[in-house]
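Q: Here the protein sequences line up with chains R and V, keeping their order.
With the numbering used here, letter number 345 in the first sequence gets 345, and the count goes up by one each step, no holes.
With the numbering used here, letter number 557 in the second sequence gets 557, and the count goes up by one each step, no holes.
Some hints here could point you the wrong way.
Identical chains blur together in the list; that is why a pair holds if it fits in one copy or across any two.
Here are the simulated DSSO-like pairs of lysine-lysine, each with C-alpha atoms no more than 30 Å apart in a straight line [claimed, not checked]:
#1 K578 x K224
#2 K94 x K593
#3 K612 x K578
#4 K578 x K512
#5 K53 x K94
#6 K298 x K377
FYI, nobody ran anything at the bench for these hints, they're computed from the structure.
Number of protein chains: 2
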Amino acid sequence: MQNLQELSEKAKLVRKWCLISTTEAASGHPTSCLSAADVTTVLFDKYFSYDIKDPHSLFNDRFVLSKGHASPLLYSLFGVAGAYPLEELKTLRKFGSRFEGHPTPKFVFSEAATGSLGQGLSVGAGLAVVGKREGLPYKTYVLCGDGELAEGQVWEAANFASHFQLDNLIAILDINRLGQSQPTMFGHDVQKYVDRFTSFGFEVLSIDGHNLTEIDEALDRATKNNNGKPFAIVAKTMKGKGISFIENKDSWHGKPLNKQELEKALAELGDINDGLQFNLKEPSKQKQNNSSASQSQKAAKFEAPAMGKEIATREIFGKVLAELANDNDAIYAVDADVMNSTFSEDFLKAHPNRFIEGYIAEQNMVSVAAALSRLQKIPFVATFAAFFTRAADQVRMARVGEANIKFVGSHVGVAIGEDGPSQMGLEDIAMFGCIPDSVVFQPCDAVSAAKLIPHMITHTGISYMRTLRSKTPVIYDNSEEISIGGSKILRQSADDVLTIAASGVTVAEALKAADELEKENINVRIVDCYSIKPIDKNTLSKCVQETKKKILITVEDHFEHGGLGDFVIAALSDTGTKIIKMAVTKISQSGTKDELLSDAGIDASHIIAAVKEAAK
Amino acid sequence: MQNLQELSEKAKLVRKWCLISTTEAASGHPTSCLSAADVTTVLFDKYFSYDIKDPHSLFNDRFVLSKGHASPLLYSLFGVAGAYPLEELKTLRKFGSRFEGHPTPKFVFSEAATGSLGQGLSVGAGLAVVGKREGLPYKTYVLCGDGELAEGQVWEAANFASHFQLDNLIAILDINRLGQSQPTMFGHDVQKYVDRFTSFGFEVLSIDGHNLTEIDEALDRATKNNNGKPFAIVAKTMKGKGISFIENKDSWHGKPLNKQELEKALAELGDINDGLQFNLKEPSKQKQNNSSASQSQKAAKFEAPAMGKEIATREIFGKVLAELANDNDAIYAVDADVMNSTFSEDFLKAHPNRFIEGYIAEQNMVSVAAALSRLQKIPFVATFAAFFTRAADQVRMARVGEANIKFVGSHVGVAIGEDGPSQMGLEDIAMFGCIPDSVVFQPCDAVSAAKLIPHMITHTGISYMRTLRSKTPVIYDNSEEISIGGSKILRQSADDVLTIAASGVTVAEALKAADELEKENINVRIVDCYSIKPIDKNTLSKCVQETKKKILITVEDHFEHGGLGDFVIAALSDTGTKIIKMAVTKISQSGTKDELLSDAGIDASHIIAAVKEAAK
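Bound-form chain R, shown alone (with noise of 0.2 Å):
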C-alpha cells in the first residue's frame, strides 16, 4: 500500500476545501462531508478510473453522491483530481456558480441530480445494468448517508442490484450516525446494516471508515469482487471527523463554520501542499464479451390500423416502440411488472437486451431511467399512470437532473371502469405538466398514439404521453400529421355555436354529442387536444374567433385542477374567451365505463346539456 502519510494529507486537503467553501457560502453541510472524506480519498487516489477532460466517457468509473447535501465533498474530490483549481470552490451555493448546494448537471462530473435522499443507489444501479448489458467495463461507486437508508427506494434499489448480479456496483455507507434533527434509527449500530445489506444480496463488509488500511483493503476486495453480487462497504464514520470541536457532535447538521471556527480548524488540520492531486487511474476501453447483446432481433413494421377498427391507445405503444428500436440502439424500455398491461412486453420480445423489468417498484424504475439517461440512452418508462405518482419525487429529481425520459402511463381516467379509483390515473397531467419544458399528450386513437412515440423521442427533456385502457376507433388515417403543439378539428360548420376541446376517451364522447346536438341544428366544433402541453393555442384561438359564441368547452377525463382545461384556460387567458371546464370532481368508484364516464359529467349527455346551456 502506498504512503499513508500522502493519503492522510490528500484527504486533509478534501476536508480543508469543504470547510473553506462552506464557510464561504456562510451555509452547507460540512460534517457531512468529513465524515466521508477518508473513504472517498483512498477510492479516488487509488481505484477510481477517470478521464477527468471527458466527463461524459462510456468508460469511466461512477461515482454517485447519493447524500446530495454532501456536495462541498464532490467538489472538493474533482477538484483534488485535477478538474479545476481548488479556488473556484469559493463559489460554492453563489448565483451563478457550477458548485450548487445539492449537485446539479451545472456540475458535469455528477452523474446525478441528489439532494432529495435515497435516490442514488437506484442511479448507481441504473448506471451498473447498463454496464452489464453492454459490456462496459467501469465500476460504479455509490456514496450513502446513514439517515437515507431509512428511504423504501433503497431497498427497491438493493433488490435490483442483487437480482441483476450487479457485482460492478459498490455501495459506500457513510454511518456516521447523526440525522438532520437527532441520531439517526440505528446510530452507530452498524451490524443493522450489515445485516439489512446481506440479507438483500449483497456482499458486506464492515469498516472502520477512517482507518486508510482498512479502507485500502475494502475497496481493494469490493473491486476484485465478481461473485455476481453488489458490494456494501459499510464504513463506520465520525461526523465532522478531524475537527476537533464538531467531530461527533450533535447540533453541527446543515452548519457551516464561521471564520474564526474555520481559522481553528485549519490550525488543527496544519499545513496542506494545496498542490497534492489524486492518482486518477486510466479507464479502460476494452468492452467485456458481451453475449446479450446480439439477442435483438427486429420488430416486425407497425402497421398502422385502418379507420374505424377499434383498438386502445396502449396496445400499440409496445409494437411501435420495438420498431423504432430497430434502428435506434438507445432506445431502452423499463417498466414495473405491468408489461402485459402496458404493453412493453412487445418491446421484450424483440430487444430483451434493452429491456429492464424493475418489478413493483417504481421509484427505483423512474432513477434507473435517469441513470440511463445520462448514458445517452432514451428510455421509455412504462406502468400505469395512477402509479407514476409513486415516483413523482424521482421524475421531478430527473428534471432537475435535465434527464432526457419519456413516460408512457396506462389505464387513465374513470373510463379505466371496475378496478375503482385506486387505479384511475387522474392527476398525472398536472404532475407531468407541470414540470418545465416537460410535454404532455393524450391520443384518442391508435394511429396518433403510434404517431407521437417518434416526436417523444426526437423530444429532449421529460415527455409523457397518456395511454387508455379501453378500445376506441382510428379516427386517423396513417397520413394524418401529428405534431408537438398540434391539434386536430374533427367536425366543423360555418355555423358552429362553440368549440368543445377534448382530449383521449372524450373525443368520442364530444364526437357523440356532436351527432346528438346536429338533430337539433346545434352545430359545435370539436378539436382533439392530443397534444396538451403544448397546447394548440392557435387553432383554439381561431376555433372561437370563428363560432357564434366566444365559449369553449374543455371535457376531460382527469382531475379539475391542472388537467387539459387548465392549459386551454391559461393559453387563451387573454383571448376574453368563457371557458366551461368539464373534468373529474370528485372520487369515481367500480363501474362501466359508460357508467362511470356518466357519473363525473364528462359522457355524450353531460357534454349535450352543457352545449346546450351555453349556447342559450
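Given the coordinates of chain R, work out where chain V should sit on it, guided by the hints.
A: Chain V only, in chain R's frame:
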C-alpha cells in the same frame, strides 16, 4: 385445535365466494384471493377479535388487506363473519356496490383504501403504534402479497415497526410466487423473505400457507408474541389454490373464471354449507397500562407576534399546534427527521406521546397518518414541501380512503435560496390542489399562518399549508379574520389600474412594487390570496370590476402550471378578465433569496415591469 374439517370447510366457503363474485363481475383477481384463503380463514375463525356491529370500535382487532386486488377475499371474510349475506357479493365491482374492485371506505370494515401496492404494512404500523401509545389492546394483522414486497415502502414500514417495537403487529406474507406479468423476483424462494424480515428486526416464521395446523401454530405464536418485535408469517402458498386448473398456473393473474369454469371449480369444491360462520372473538375493552400517555404537558399559549416583526411562517406552526393540542387529544404530529426545520419539534416538546418521528421515509409517514385518521385522530404531517412529492401516491390513496390528514410543507419555492432546486417545493400546489375537495393555504405572515391552523383542524379531509423558509414581516393584526376561501385586500385606492393577486413570499414583493409604482402615480390593488383553494372568487371579481383595466396579475413562487395562477384563472374564466400569470418557468439554482426571486421573474422589479406593460 378445533375441528380441522370445519376450518377447511370454511376456507372452501371463502374460496367459493371469491370465485362466484369475480365471475359475476367478469373481472377481478380470484387466484390472488385463493392463495390466502386458508391463512385468513384460520385468522378470522380462531384469533380475530372484532365486534361486527361496531366496525369503528377502537377495541377491534385490525385486518389490513395490503394486496388490495384480493378484495373479494376481504369481502368474503367479513361475509362469512356475518356482516352481510354472502349473496350481496354478487354486486362486486358493480356501480354503486360497496364491494369495489379494490377496497374503499364504502366498505366500512376496511381499515384503509388499498390497491396501490406496498402501503398496507405502513397502515398497519400506524394502527399498531397508536395501539401502543394509547394502551389499546388490539392486534393488527396485515396481509401482504409477495409482488408488493418489492415496493420500498414495505421496508420503510418494517424499519418503523421494529424501531417502535410493535409486537402487536403481525404481517402475513402470501408468497404465491406469481406476479402480474411474470413470476416475482424470488418466486417460491421463501428464505429470501425470511432473511429480509429477520434482518429488519422481525420475529419471523415460515410456514406452508395451506397447512391449517401450521397456520394455527404460527398465529398462536404470533398473537402471544410480546418480545418487542413485530411478527412476520411467511406463508408459502399457491396462487389459485384449491382449484386444480388454475392452481399455481401462469397467466391467471387478474382473470375471473367464465361461467363454465366456475361450475367446474364449484364442483371441485363440493357441497358447502353457506350458513357457516366464523367464530369472531369478543374484543377486550381493557386499556393496557399506558405510562407514556401522561407525559403530555400543556404547551404555552401562542402569543401572536406584533405587526412588523419578522418571523417565518414555518416557525409558528409547531407552537400553535402544540397549544391547540392542549385541549384536543386527537391531534398528532408526524415528521421525517426535519422537525427542527418544520418546527414540529415544538409539538414534540409538549406532547411527546403524540409525536411520531418517521425518520427519512416520507411514504411510510403518510400512510401512518392515514391509519391515525382511521382511528379518529387528527394527524399533522410535516416535511419540506418538495419531499411530499415522495409520498404523492400515498397522499392520493389517503384521499381515496377519505382520510382526514393535514399536511404542512415548509421551504417552498425558489425563495429558499442557497440549497438549490432539489430542495424547492414548486409543484406542491399542483399536487395538493388537484385532490378533490382539498384545501390549500399559503400564509404570508405568522399571524395568518397561526389562524389557518385551526381551520385545518376543523376542515375534514386533505388540507395543506405551504410555509416559508425565510422570515417575513407580520402584516396582520391578531384580530384579523382569516377564513377558508378568504383573502385580504392589502392595498387599494379609487384609481387602481389593475389587481395583483399574490400569496406567500410574493406578497411582500407585490407590496414593494406597489410602493415604487405609486411614486410614478400608478396605483395597483394588492390581494393576499392566503387561501389558494378555495380561491376567493368574489373578492377577486370585485377587484377586477373596480380597477380601470380588467386585468389581473397573479404572482407566485411555484411552477407556472397548477398553482395559484391557474386557480385564479379558472375562477374568473367567465368574467372576460385578462390574466397575466407570473410564476416560475424553469429550474432554479443556488443563490440568495433575492437573486432567485429576480432570476425567476417574480420579484418586485418584475412585477413593476409587468404592471407598466399591462397598464399601457
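Q: Hints first: check each against the structure and report whether it holds.
A: Cross-check of the supplied hints:
1. K578 x K224: neither (68 Å within a copy, 66 Å between copies)
2. K94 x K593: between (54 Å within a copy, 11 Å between copies)
3. K612 x K578: both (15 Å within a copy, 26 Å between copies)
4. K578 x K512: within (23 Å within a copy, 33 Å between copies)
5. K53 x K94: Within one copy only: 25 Å inside a chain, 63 Å across chains, cut-off 30 Å.
6. K298 x K377: For K298 and K377, the Cα distance is within 30 Å only inside one copy (19 Å; across copies 58 Å).
When held up to the earlier numbered hints, the structure conflicts with hint 1 and nothing else.
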